[in-house]
Each structure stands twice: as C-alpha cells, then as structure tokens.
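Chemist: Protein chains in written order, with our numbering: chain A, 1 to 111; chain B, 1001 to 1169.
Read the hints as simulated data drawn from the structure, not as lab findings.
Hints should not be assumed to be uniformly reliable.
Claimed, not checked - With a Cα cut of at most 16 Å, we get these calculated EDC-like pairs of lysine to aspartate or glutamate:
#1 B:1104 with B:1133
#2 B:1145 with A:101
#3 B:1104 with B:1150
#4 A:93 with A:29
#5 A:91 with B:1130
#6 A:97 with A:29
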Amino acid sequence: MNELIGIVCFGIGIVFNFFGCLGLLRFPDIYNRLQAGTKCVTFGTIFLLIGTLVYAGFNALGIKAVLCLVFILITSPTAAHAISRGAHHSKVKLWKKSVIDIYEEEGEGKK
Amino acid sequence: MRRIGLFLVSMVIWYLLTWPYNFQNQTMDWQIFFAGIIFSILASILFVEVFTKYPHKLFAPVRYFWALCYLPVLFFYMLIANFDVMYRVIHPKMPIRPGIVKVKTRLKSESGRTALANSITLTPGTLSVDITDDGYLYIHWINVKNTDVEGASKQIVARFEPLLEKIFD
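Chain B with its partners taken away, still in its complex shape (with noise of 0.2 Å):
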C-alpha cells in the first residue's frame, strides 16, 4: 500500500516535471513515458521509508476536497500578514512587542503538525521555532498579546485547526 501511494505520487510529480505530451501536434514522448514508469518503480522500492506511514489517507476523496477548502483561508491570512509586515516595517516606529509563546494543538499526525506550524509562520506576525511531542508549540509573536498558553492558542492556533483535523487527522 505504501509502494502503490509513492509509486503514483513520484509518477505524477514526472509527468508534470517533463509534461511528455504535446498539445500543438497531438504527440506522445514514449521514451520519457516508460522512464517515468521505471523510475518511479525504482523510488518506490529504494526510498518507501521515508514515506508517510498511512497511506490510506492518499485515497480518501474528502481529504482533498477540504485540502481545496483550505486553500483560500490560507491565502487570505497570507495577504492579511503581508499588509501587517508591510504596516510594522514602513512605520517609522516600528510598532513592535515581540516575544516567544506556547501553544497546544490538539493535532496528532505528524503530517497535520508540519502543515500547522507551516501555515503558522505564513500568517499574520507568527513564526514556530519548535514543537515536542506531547503537542506543545513554541511561537515567535511579532506583536504579543496574550502569554498564557491558552490564550494564545485561541489567537494563533484555532483558526486552522478545525479545517487541518479534517485533511489530515
């Protein structure tokens, strides 16, 4: 199972790194085609320890669906802390508290926690430095407005979380 999900996720990243067929004359590479099957055998069978360990969830049609969902949030918090760096730094007296925090995600996979703390720095005045392994997250706050742990996890970690269980957990 977790060779069939490697094998189809290394196929596609080819084929859309090589784009064997041609629209203009209707033609097909072949010899990139097989190439992209053999290697992609061949990465399945070296390189499947390093995969995730549940690969059901490549094959779970709502997972992506709320993956989709999640997309334009994601986007829009990141227009949101690009206007707020952009706010601090022309400001000429830069309107900054900064300061590290802990939070708690009540996230399990590990996958989920890497997309978490991602979408975390991405966002309005945030940057993980590091997490452990009961859940606990240590965030670089830009601008501190809450130091208790749960405080600040309602500020920085709620927004996401509902939306990450659903793809990732």
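Chain A on its own, in the form it takes in the complex (with noise of 0.2 Å):
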C-alpha cells in the first residue's frame, strides 16, 4: 500500500516538473519563466520527497527527505528572487507587451 502511494506521488511530482519546464521553454521573458520555474518546480520536487517519505517509511532516508522539503521550500523562492533583481539590475528589459514596470519607473528602489 505505501508503496502505491509512493509511486503516485512520484508520478504527480514528475507531472508538476514536466509543465515547470514547459513553461521554462513557452514564455516570453526571464521574469516569466522565473515564475513557471519556481512554482511547478518547487511543487514538483515537494511531491517526490513526500513520496520517498511514504516509500521508505520513518527511517534515516525518510528523515533526510523531510528536511530537504523544508531547504528547498526556503532556498528556492529565494533563488528565484536574487535571479530577477540581479537581471532587472543588469537592464534586462520586460517582455515588450508587458504592462507596467514601477520597479524601473521608480529607479530601482533606490528612491
């Protein structure tokens, strides 16, 4: 039975990857694909842990995939976040149909 479950669990993580990286090929700018990258990958990743969590049970490796779900859950948003100020910083410009861009409009914070 957990075994099953395990494995579902790893087939929805692969699904999430699957359409993260889809999106990474398919938008336009860096920001956009920033997005498609963090969310579904991020997603992705959690469920394989969990799924090793329920296949391998409440030993050492089960263990070490749980505090993985908690590192990546904090280190990925940030990496996501230091990757888009350093592009916007190095004048990386906006997908030309874009809205409205306050950031630049404002001098980059630095206001």
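Work from the hints to combine the two standalone chains into their complex.
Modeler: Structure, rendered in structure tokens:
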C-alpha cells in the first residue's frame, strides 16, 4: 500500500516538473520563465520528496527527505528572487507587451 | 540566549541528518551523538552573528501552532498556483499580461518579510523582485489586475499577512 501511494506521489511530482519545464520553454522573458520554473518545479520536487518519505517510511532516508523539503521550500524562492533582481539590475528588459514596470520608473527602489 | 537558541537548532538539524538511533536493534551510535554536541557548541560560539536577533521568539509555542496553521494555507495556494501556471502554459495564445507592481506590507521583522516574499513567490502568478527598508515590495505579476499600491496589496499580500504577523512579529 505504501509503495503504491509513493509511486502515485512520484507520478504527480514528475507531471508538475514537466509542466514547469514546458513553461520554461514557452514563456517570453526571464521573469515569466522564473515564475513557471520556481512554482512548478518546487511543487513537483516537494511531491517527489513526500513520495520518498511514504515509500521509505520513518527511517534515516525518510527523515532526510523531510529535511530536504524544508530547505527547498526556503531556498528555491530566494534563488528566484536573487535571479530576478540581478536581471533587472543588469538592464534585462521586460517582455514588449508588459503592462507596467513601477520598479523601473522609481529607479529600482533607490528613491 | 542567542547562543542557546543556535545550539538547539543546529543540534536538532544534526540529529535529523545523521539519525544516530537505530529502531530495529534499539542501539544508539554514541560517537555521532557526542560529535553532534561538540560541533553544535562550536557553531554556537563561532556563528552567533548570523543568527536571528530575537531568539525569545524561538521558545514561544504559540508561534509553532500558527506556523502549523499556516502550512495548509500555503499548500492550498501553491496548488492553485500550479494549476494556474499549467493553464497558461498549455493555452495556445498564452493569456499573460505581465508587469511589475508595488505593494506595501505592515510586517516589521526581517524573518517575517522573508517568509512573506517567499510565500508570494510560491503563490499564483506573482514573483517578488525587490524589497525596500520601509516595507514596500516590488512584485512581478503575470496577470496584472491592479496597478495602484492599495489594490495590489489587497490582492497579493492580504491573504498571508494576518497569519505571518502572528508567527513572526
């Protein structure tokens, strides 16, 4: 039973990761790509780790999976934030159909 | 106080990582156990500067209760976010109206603001780009509905702020 639930979790995780990669290819500029990359890949990886926990049970392997889950939940959005801020500071333009860019208008938060 | 907090945190993480106790034959690996204590003491002496400035918050059980309440909320919004991104990726015309807007938060503590920015990144259609000292966040929004500060704050920040205020402030 545990093996079945674990494999179902692996399946869900891989599907979300797949859509994250598809978004990475289809979206037009770096910021939209980061959106797809961060959200879907974080969620998919969380499901992979939950699957590992169910599959392995509460032993050394399962506990490490939970610990990785917490660290990914903290570090992945932080990395996306650092990349987007760095991109904006290196004058990477938004997509040409973008509606508004207050960050640019206000001098990148210096005002 | 800060040193005790850092000592406990690093020791818990060490034991979770190494897992010295064996359930099958009820034995303890004493070598790993004492190594954990020694290195936690070393870490709490050397790296106390990078630790949080308000360690008394670590010892308040109410905050852990609210953190447990916060997890399902975050999980629910992450689920919505993923189906949102999937819809926009699969749709042949890609219905996106991206832009960077500005929102205001009333959270004061640094860790609270960090948690808020991370939550915003993981929830539907938003990605935090930068934060200023006086509590304004710049958010990249994949489908801009409101360009002024108040309206955008109501739609992006309001769903997390009450819970995060109870956890971190």
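Chemist: Hint by hint, which ones does the structure fall short of?
Modeler: none
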